[in-house]
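Asker: Sequence:
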Amino acid sequence: MNKLLIVGTVAFDAIETPFGKTDKILGGAGTYIGLSASHFNVQSAIVSVVGDDFPQEYLDLLTDRNIDISGIEIVKGGKTFFWSGKYHNDLNSRDTLITELNVLADFNPVVPNNFKDADVLMLGNLHPIVQTGVLNQLTAKPKLVVLDTMNFWMDCALPELLDVIKRVDVITINDEEARQLSGEYSLVKAAAKIHTMGPKYVVIKKGEHGALLFHNKDVFFAPALPLEEVFDPTGAGDTFAGGFAGYIAQSENISFNNLKNAIIHGSNLASFCVEKFGTERMVGLKKEAVQERLKQFKALTQFDIELQ
Numbered sequence: 001m002n003k004l005l006i007v008g009t010v011a012f013d014a015i016e017t018p019f020g021k022t023d024k025i026l027g028g029a030g031t032y033i034g035l036s037a038s039h040f041n042v043q044s045a046i047v048s049v050v051g052d053d054f055p056q057e058y059l060d061l062l063t064d065r066n067i068d069i070s071g072i073e074i075v076k077g078g079k080t081f082f083w084s085g086k087y088h089n090d091l092n093s094r095d096t097l098i099t100e101l102n103v104l105a106d107f108n109p110v111v112p113n114n115f116k117d118a119d120v121l122m123l124g125n126l127h128p129i130v131q132t133g134v135l136n137q138l139t140a141k142p143k144l145v146v147l148d149t150m151n152f153w154m155d156c157a158l159p160e161l162l163d164v165i166k167r168v169d170v171i172t173i174n175d176e177e178a179r180q181l182s183g184e185y186s187l188v189k190a191a192a193k194i195h196t197m198g199p200k201y202v203v204i205k206k207g208e209h210g211a212l213l214f215h216n217k218d219v220f221f222a223p224a225l226p227l228e229e230v231f232d233p234t235g236a237g238d239t240f241a242g243g244f245a246g247y248i249a250q251s252e253n254i255s256f257n258n259l260k261n262a263i264i265h266g267s268n269l270a271s272f273c274v275e276k277f278g279t280e281r282m283v284g285l286k287k288e289a290v291q292e293r294l295k296q297f298k299a300l301t302q303f304d305i306e307l308q
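Under the numbering used here, the first residue of the sequence shown carries the number 1, and numbering increases by one thereafter.
Derived by calculation from the structure, the hints in this document are not laboratory data.
Since this is a predicted model, take the numbers as computed values, not measurements.
Virtual Cβ for every residue (Gly too), placed ideally from N, Cα, C.
Keep in mind that a hint or two might mislead.
Unchecked claim - In silico DMTMM-like links for lysine to aspartate or glutamate, alpha-carbon gap of 25 Å or less:
| no. | residue 1 | residue 2 |
| --- | --- | --- |
| 1 | 86 | 208 |
| 2 | 295 | 229 |
| 3 | 286 | 304 |
What the hints assert, rightly or not - Computed beta-carbon distance windows for the label pairs:
| no. | residue 1 | residue 2 | range |
| --- | --- | --- | --- |
| 4 | 157 | 116 | 23 to 31 Å |
| 5 | 301 | 158 | 30 to 38 Å |
| 6 | 158 | 116 | 26 to 34 Å |
| 7 | 302 | 218 | 17 to 25 Å |
| 8 | 63 | 140 | 24 to 32 Å |
| 9 | 307 | 139 | 34 to 42 Å |
| 10 | 218 | 284 | 31 to 39 Å |
| 11 | 162 | 140 | 22 to 30 Å |
| 12 | 57 | 140 | 34 to 42 Å |
| 13 | 159 | 110 | 37 to 45 Å |
| 14 | 90 | 24 | 32 to 40 Å |
| 15 | 59 | 219 | 34 to 42 Å |
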């Protein structure tokens, strides 16, 4: 069974949307990626840090899905990373109300020995120095290294981020971030510029408008499934990344055509994430529902046309 190593926050979130609000609930990029990737036949581990205020039941929830948590450091007397945000009516924009780094401020990642030879590495949204620290601990280059990052790191740690970007095969960012990183408004030109920074593949996420995959001159577009209700978009991008990386790790096929399938699997799982607050939908998600929605994706995107 192939190994997937996940690096990302395991955290508390408090979320407010036009449909309601929560107190502190389970969140974090590493959590969403892990829950999503657990739908594939892979060995996965999360490298992260929490305080001793983090409930055992949340750790058990991860291990119940065969996620190795030996790389999650528990800091005695420490407090877990906490983020609070409020979404606007269109759910495409949000305001960060509170960010408490807590134990994340001094985090030095330690990769479990049995995952230093991981087949796929998924670098979730974290400080580029932490991401570099993980890359430097691996004993062999993974078959695929995927990086997810955001505009915050482009603003405050760009040199370190560019060093990480040089070392990855795939970068996943949203359209606004692609424009900021490249200085190009056209997403086609933006992807071409980002290719020159190191990644072979560029994935540009467009939220409810789907995702684009670029590889040299090849382009693939996957729509987002039209949903009757979108309740909370928190973690959708991380869920997408987890589905993408989990599928690649399971299939052992790193080609443009197979990365197309990975985009669909990632989009499929992300469509569930937004249906309830936080990780709630992903925690209870059954295989049958995932397969049924994949059929909907197929019906949405397949057509026959006669070319003259």
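Asker: Does each hint fit the structure? Answer for all of them.
Answerer: Quick rundown of the hints versus the structure:
1. 86 with 208: Distance of about 18 Å is within 25 Å: holds.
2. 295 with 229: holds (19 Å)
3. 286 with 304: Distance of about 32 Å is beyond 25 Å: violated.
4. 157 with 116: 23 to 31 Å: With a Cβ separation near 25 Å, residue 157 and residue 116 satisfy 23 to 31 Å, so the hint holds.
5. 301 with 158: 30 to 38 Å: Hint holds: Cβ distance 36 Å, inside 30 to 38 Å.
6. 158 with 116: 26 to 34 Å: holds (28 Å)
7. 302 with 218: 17 to 25 Å: holds (19 Å)
8. 63 with 140: 24 to 32 Å: holds (26 Å)
9. 307 with 139: 34 to 42 Å: violated (50 Å)
10. 218 with 284: 31 to 39 Å: holds (37 Å)
11. 162 with 140: 22 to 30 Å: Between residue 162 and residue 140, where Cβ atoms are some 24 Å apart, the hint holds.
12. 57 with 140: 34 to 42 Å: Cβ of residue 57 to Cβ of residue 140: about 35 Å, so the range 34 to 42 Å holds.
13. 159 with 110: 37 to 45 Å: Hint violated: Cβ distance 25 Å, outside 37 to 45 Å.
14. 90 with 24: 32 to 40 Å: Violated, at about 26 Å.
15. 59 with 219: 34 to 42 Å: Once the Cβ atoms are compared, 41 Å apart, the range 34 to 42 Å for residue 219 and residue 59 holds.
The structure shown violates the earlier hints numbered 3, 9, 13, 14.
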